[in-house]
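Here is what each chain is made of, one letter per residue.
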Amino acid sequence: MTKHFSLSDTPFDTASERAQLLDDRVGGFASFEGWVRDHNDGRAVHGLRYEAYAALAEAEGERVLAEALSKFDILDARCVHRVGDLAIGELAVWVGVSAAHRDAAFAACRFVIDEVKSRVPIWKHERYVDGDAGWLHPQQS
Amino acid sequence: MTKHFSLSDTPFDTASERAQLLDDRVGGFASFEGWVRDHNDGRAVHGLRYEAYAALAEAEGERVLAEALSKFDILDARCVHRVGDLAIGELAVWVGVSAAHRDAAFAACRFVIDEVKSRVPIWKHERYVDGDAGWLHPQQS
Amino acid sequence: MALATVLYFASLRDAAGVASEPVDADGDLRGLYDRLRARHGFALPSERLRVAVDGEFARWDQPVRAGSEIAFIPPVSGG
Amino acid sequence: MALATVLYFASLRDAAGVASEPVDADGDLRGLYDRLRARHGFALPSERLRVAVDGEFARWDQPVRAGSEIAFIPPVSGG
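Residue numbers (this note's numbering), protein chains in the order written: chain A, 16 to 156; chain B, 16 to 156; chain C, 2 to 80; chain D, 2 to 80.
It is worth saying that the hints were derived from the structure and are not from the lab. Hints are supplied without guarantee of correctness; some may be wrong.
To be verified - Estimated spans, in silico, between C-beta atoms of each pair:
| # | chain 1 | residue 1 | chain 2 | residue 2 | range |
| --- | --- | --- | --- | --- | --- |
| 1 | A | Gly57 | D | Gly18 | 24 to 32 Å |
| 2 | A | His61 | B | Ala30 | 35 to 43 Å |
| 3 | B | Ala148 | C | Leu45 | 17 to 25 Å |
| 4 | D | Glu70 | B | Asp56 | 19 to 27 Å |
| 5 | A | Ala30 | B | Gly57 | 29 to 37 Å |
| 6 | D | Pro64 | A | Gly104 | 44 to 52 Å |
| 7 | B | Asp38 | A | Ala70 | 42 to 50 Å |
| 8 | A | Glu105 | C | Phe58 | 41 to 49 Å |
| 9 | D | Glu48 | B | Asp129 | 19 to 27 Å |
| 10 | A | Glu82 | B | Asp145 | 23 to 31 Å |
| 11 | D | Glu70 | A | Gly57 | 36 to 44 Å |
| 12 | A | Ala70 | D | Gln63 | 16 to 24 Å |
| 13 | D | Asp27 | B | Arg40 | 28 to 36 Å |
Unchecked claim - Within a straight-line C-alpha distance of at most 20 Å, the following computed EDC-like cross-link-like pairs (lysine to aspartate or glutamate) qualify:
| # | chain 1 | residue 1 | chain 2 | residue 2 |
| --- | --- | --- | --- | --- |
| 14 | B | Lys132 | C | Glu57 |
| 15 | B | Lys132 | C | Asp27 |
| 16 | A | Lys18 | A | Asp100 |
Bear in mind the structure is a predicted one, so any value in this text is a computation, not a measurement. Heads up, the beta-carbon is just placed ideally off N, CA and C, and yes, glycines get one too.
Construct the complete structure from the given sequences, taking the supplied hints into account.
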């Protein structure tokens, strides 16, 4: 089975991920990248750490991508999420979706990042410039 | 004034375009790429040509990007559109949008590609495998 | 009579057989297009086009100004 | 009594001080979490968590099976 979702404990190359999604039928390619910002909720962030329950994260991530491939008229989709320590400006998550037309590419790309953020067991630990640090456990929206 | 929209008569590097949009405040980066497909409306396509009314296309493209920057809570945005002859699988148009949060990045990226496609004076000339060819002048939707 | 220049793109250029031509600066832009449409057999009515003067979109009821550069913009298909 | 293994992540691991520990295979998963919450002082009630058994999401009313690996999943924050 082709893997559509993966965790990466090192920086990864988005160009090679993208290249795996392109073929002659592709008319539209939508992608999303989540980067480590220098602020979150008004607090200056020094860096962060992502931790995953790897076995379940990979299984649940694959389910999200499989749902995207069945719900939307797309050709292919992939998502890679970093784990471990990240500095400001590093890439945390990448989603790429290829389709014949842009409507489906955009909708599926949005679906994947939303579902990954809400369902896949990955947790963010932020270290703040003021020395404080903590795990983010957002209220379900 | 920074240019946000440009025409390119040669293949261009999306990585360097993207790099110009990233800084430490960026949390979300959405991009869209339009590629030359091997089919359009059920006809096998051999290749195509984009022609622009360059002076007006650049002015109208800048207006689209300026509107995106004022309508959406984004940090920066760019669009590059190819002109000239393109083969199947070549990149025709690229849009990149950086923002603190993904909602605005997705919405602005979608706005830019939709407006560019509907307003900027660029025309597609398709050459079909069966030897036929023609300009596309779609009905306004 | 003073002249203006018309630019043709895409299917209009194919039908006209030229990328540009001089025209009399006479009447308004819609009237000019209708005369050129009759001459060259353009398929598209002015209702499906936009018009630009000197690189900016213009209104069809503007007069044709001597020395101006006029472009008829058929429905676009970039992206 | 037979044992199961509990895995802790994120704030639960910080509060427990360990990444995993053996527990008695007794009662259901909700009851197990409530006992461990009392022992370690976890801030989050079970209503805000999900639970997984052997790498798959499970229901809170499932019995704690001997030899199984149980993970309590606090609200996620990837992306």
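Cross-check of the supplied hints:
1. The beta-carbon spacing between A/Gly57 and D/Gly18, approximately 31 Å, falls within the hinted interval of 24 to 32 Å.
2. For the pair A/His61 and B/Ala30, the beta carbons lie near 27 Å from each other, so the given range of 35 to 43 Å is not met.
3. Checked against the hint of 17 to 25 Å, the pair B/Ala148 and C/Leu45 passes, with Cβ atoms roughly 18 Å apart.
4. For the pair D/Glu70 and B/Asp56, the beta carbons lie near 54 Å from each other, so the given range of 19 to 27 Å is not met.
5. Judged by the Cβ atoms, the range 29 to 37 Å given for A/Ala30 and B/Gly57 holds: they are separated by roughly 32 Å.
6. Look at D/Pro64 against A/Gly104: about 48 Å separates their beta carbons, and that is inside 44 to 52 Å.
7. Between B/Asp38 and A/Ala70 the Cβ separation comes to about 36 Å, which falls outside the hinted range of 42 to 50 Å.
8. Distance hint check: the CB atoms of A/Glu105 and C/Phe58 are about 44 Å apart, consistent with the given range 41 to 49 Å.
9. Evaluation of the 19 to 27 Å hint for D/Glu48 and B/Asp129 yields a failure: the beta carbon distance comes to about 42 Å.
10. Between A/Glu82 and B/Asp145 the Cβ separation comes to about 39 Å, which falls outside the hinted range of 23 to 31 Å.
11. Between D/Glu70 and A/Gly57 the Cβ separation comes to about 39 Å, which falls inside the hinted range of 36 to 44 Å.
12. Distance hint check for A/Ala70 and D/Gln63: the Cβ-Cβ separation is about 18 Å, which falls inside the suggested range of 16 to 24 Å.
13. Restraint check, D/Asp27 to B/Arg40: a C-beta distance of roughly 51 Å breaks the suggested window 28 to 36 Å.
14. A hinted pair counts as satisfied when its Cα atoms are at most 20 Å apart, and B/Lys132 with C/Glu57 qualifies at roughly 18 Å.
15. A hinted pair counts as satisfied when its Cα atoms are at most 20 Å apart, and B/Lys132 with C/Asp27 does not qualify at roughly 33 Å.
16. About 24 Å separates the Cα atoms of A/Lys18 and A/Asp100, which puts this hinted pair outside 20 Å; it is violated.
Of the numbered hints given earlier, the model fails hints 2, 4, 7, 9, 10, 13, 15, 16; all others are met.
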